[in-house]
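Taken in order, these protein sequences are the chains called A and B.
Position 231, counted from 1, in the first sequence is what numbering that gives the first Met the number 0 calls 230; the numbers after and before it change by one each time, with no gaps.
Position 252, counted from 1, in the second sequence is what numbering that gives the first Met the number 0 calls 251; the numbers after and before it change by one each time, with no gaps.
Hints are not guaranteed to be accurate.
No farther apart than 27 Å at their CA atoms in a straight line, the calculated lysine-lysine pairs in the DSSO-like style are these [said to hold, decoys possible]:
id, chain 1, residue 1, chain 2, residue 2
1, B, K5, B, K279
2, A, K19, A, K3
3, A, K226, B, K107
4, A, K69, B, K107
5, A, K69, B, K108
6, A, K41, B, K134
7, A, K176, A, K69
8, A, K69, B, K134
9, A, K69, B, K230
10, B, K134, A, K19
11, B, K108, A, K226
If you only want the chain A side, here are some residues facing chain B, beta carbon under 7 Å, derived [said to hold, decoys possible]:
id, residue
12, A53
13, A55
14, I64
15, T67
16, N90
17, P95
Every beta carbon over 10 Å from chain A, so not counted as near; a handful from chain B, in silico [as the list claims (entries may be wrong)]:
id, residue
18, N259
19, E260
20, H273
No wet-lab data here; the hints were simulated from the structure.
Even for Gly, the Cβ is constructed at its ideal location relative to N, Cα and C.
Below are the chains, spelled out letter by letter.
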Amino acid sequence: MEKKATRESYGEALVQLAEKRSDLVVLDADLAAATKTGIFKKAYPDRFFDCGIAEANMMGVAAGIATTGKLVFASTFAMFAAGRAYEIIRNSIGYPHLNVKIGATHAGISVGEDGATHQCNEDIALMRTIPGMTVINPADDVEAKAAVMAMADFEGPTYMRFGRLAAPIFNDKDTYKFELGKGVTLRDGDDVTIVATGLMVAEALTAADTLRSEGVNARVINIHTIKPIDRDIIIKAAKETGRIVTVEEHSIIGGLGSAVCDVVCEACPVPVTKIGVMDTFGHSGPAPKLLEEFGLCAENIINVTKKFIGK
Amino acid sequence: MDAMIKKQLEVTATKVRMGIIEGVYNAKSGHPGGSLSIADTLTYLYFAKMNVDPENPLWAERDRLVLSKGHTAPALYSVLANRGFFPVEELKTLRHIGSRLQGHPVYKKVPGVDMTTGSLGQGISAACGMALSGKISNDSYKVYAVLGDGEIQEGQVWEAFMFAAHYQLDNLVAVIDNNGLQIDGRVKDVMSPYPIDEKLKAFGWHVILMDGHDFEAIEKAFDEAEKISGKPVAIIQKSIKGKGVSFMEDNVSWHGAAPNEEQYNTAMQELKAHLAQLEK
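Work out the full structure, taking the sequences as your base and the hints as a guide.
This is the structure we're talking about:
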């Protein structure tokens with residue numbers, strides 16, 4: 000299967016977007032080469048502004064630009080967007096509900112060799128606590144591009160999470176349609192539901208296919224919009240399959256797993272087990288090895304799921 | 000400056016101060032000291048300088064003002080109300096449940112407020128964004144940012160100062176209200192930002208020193224600011240915290256405290272007497 004990092008998709012989508020939005024402005028904080036806004040910078044140098052290594056100011060600048068009606072994307076690593084600039088995002092973007100798109104790349108443990116200081120496993124948790132913030136975590140190239148285009152037309156603060164590691168492209172670019180706030184059922188099944196997001200969706204699909212060959216029919220739901228979350232698809236899955244496994248390249252505290260639990264606890268309590276980074280910091284190493292070590296792989300999803308449903 | 004205009008501005012500024020005291024007294028909380036120190040400059044900007052339309056507060060071509068020292072909202076609210084953006088009577092609802100006049104300014108909630116502020120150090124960045132946007136699309140509007148001298152202890156402010164100079168935002172004027180006091184005491188004792196002028200010059204800004212309570216000096220400073228091209232302008236205004244209410248002047252205990260009834264009466268009497276003298 001062809002692969003591409005969603006940060007790459009992000010950079011390419013910005014160029015595509017600029018063709019139809021003459022008011023597009025892109026900011027970065029000295030990471031354009033890594034976040035891939037550099038692709039945009041090369042194509043539209045007049046609409047790209049480097050803010051230097053100053054993320055707090057960048058988020059405030061983005062807020063100011065948004066008040067003048069232009070479409071603005073502010074980009075840096077997830078750690079320095081959601082982490083370092085959290086309070087600026089909350090007070091200068093979230094509270095006035097400004098139309099700023101935050102393109103946060105290098106999310107999760109798959110940052111790899113840079114180690115724990117750069118592996119942001121907390122961004123989803125942080126961003127989803129901000130009232131009115133939309134949180135998007137696309138799973139592959141097709142979805143990432145479609146999400147960027149869709150969110151450009153959406154009015155409101157948005158946090159978009161992209162990855163460094165090349166991710167398998169499983170969506171069909173000719174038929175794929177991004178629907179904000181709608182989960183996508185990728186595999187049907189009644190024994191258990193695997194709810195995954197981002198890089199973990201492809202792993203969940205591999206896991207589900209193996210499980211099926213072993214007689215376990217696992218439903219797979221891709222949640223690209225973590226906030227507002229698709230309550231209906233989760234409640235339906237809870238009712239029809241009775242058990243839910245959540246998988247995310249993020250802390251098990253406050254991320255997709257927590258968001259799913261928030262829904263089922265209130266609406267249809269069923270057992271949920273969470274796969275994610277287990278309240279610990281990451282460390283340096285090649286991304287694929289780290290993903291394996293932290294259980295963010297098909298093999299672990301299979302094992303956890305089988306144990307969870309008593310097979 | 001024309002003597003009549005000067006007197007009119009002094010009259011308006013006194014009314015603005017009365018609105019500040021009215022608001023903070025009725026709220027039983029708030030920040031009168033820093034509101035009173037910036038009252039003259041805000042009065043000048045909204046009544047004699049800025050291109051704004053109270054009937055159309057979000058008019059795209061308007062000049063913008065970001066009150067980065069957002070805790071002095073009572074001053075901004077009072078100026079806006081006196082300028083006709085909303086009724087002066089509404090100042091009494093400051094900080095009340097259901098009021099538009101939140102403890103710190105909120106964009107789009109209060110007519111005339113151009114940016115949500117309150118968390119110190121953030122407004123200047125937003126002002127930079129507005130100024131940059133104006134540059135991108137060749138708009139003619141000006142952006143004013145008002146910062147406290149304590150506020151510039153925030154690191155983000157210096158990120159913004161660097162940014163503004165780097166992108167040559169000569170459509171941006173930052174006023175630094177140098178009243179010399181912050182919550183914990185004298186700014187120089189808490190965490191000295193001095194010399195502010197030399198630091199800003201080193202950051203690539205054009206710096207103007209101004210007496211923040213003399214309308215002729217204020218006009219001169221903003222006229223000079225307008226002539227500068229290729230770099231942002233900082234106006235460091237020497238001011239008196241609590242200016243206009245004798246017992247509040249240069250007294251740090253009035254940074255964030257409301258007057259009781261007796262103090263309120265004394266303050267209003269002083270301001271009314273000053274007003275009567277001006278209007279004589």
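Does the alpha-carbon distance linking K69(A) and K107(B) stay inside the 27 Å limit?
Holds, because 17 Å separates the two Cα atoms, which is no more than 27 Å.
Do the alpha carbons of K41(A) and K134(B) lie within 27 Å of each other, as the hint requires?
Answer holds: K41(A) to K134(B) is near 20 Å, not above 27 Å.
Is the shortest C-beta separation between A53(A) and chain B less than 7 Å?
Because about 4 Å separates A53(A) from the closest Cβ in chain B, which is inside the 7 Å limit, the hint holds.
Straight-line alpha-carbon gap K69(A) to K230(B), limit 27 Å
Holds, at about 23 Å.
Minimum Cβ-Cβ distance from H273(B) to chain A exceeds 10 Å:
Correct as stated: the minimum Cβ-Cβ distance to chain A is 36 Å, above 10 Å.
Against chain B, is P95(A) within 7 Å by beta-carbon distance?
holds (4 Å)
Does K108(B) pair with K226(A) here, judged by a C-alpha cut-off of 27 Å?
holds (25 Å)
Would the non-interface assignment of E260(B) survive a Cβ cutoff of 10 Å against chain A?
The assertion about E260(B) holds, with a minimum of 34 Å to chain A.
Is the straight-line distance between the alpha-carbon of K176(A) and that of K69(A) 27 Å or less?
This hinted pair holds, its Cα atoms lying about 25 Å apart.
Given the proposed pairing of K134(B) with K19(A), does the C-alpha separation stay at or below 27 Å?
holds (21 Å)
27 Å limit on alpha-carbon distance, applied to hinted pair K69(A) and K134(B)
Holds, at about 12 Å.
Hey, does the A55(A) contact hint survive, CB to chain B under 7 Å?
holds (4 Å)
Checked against the numbered hints given earlier, the structure satisfies every one of them.
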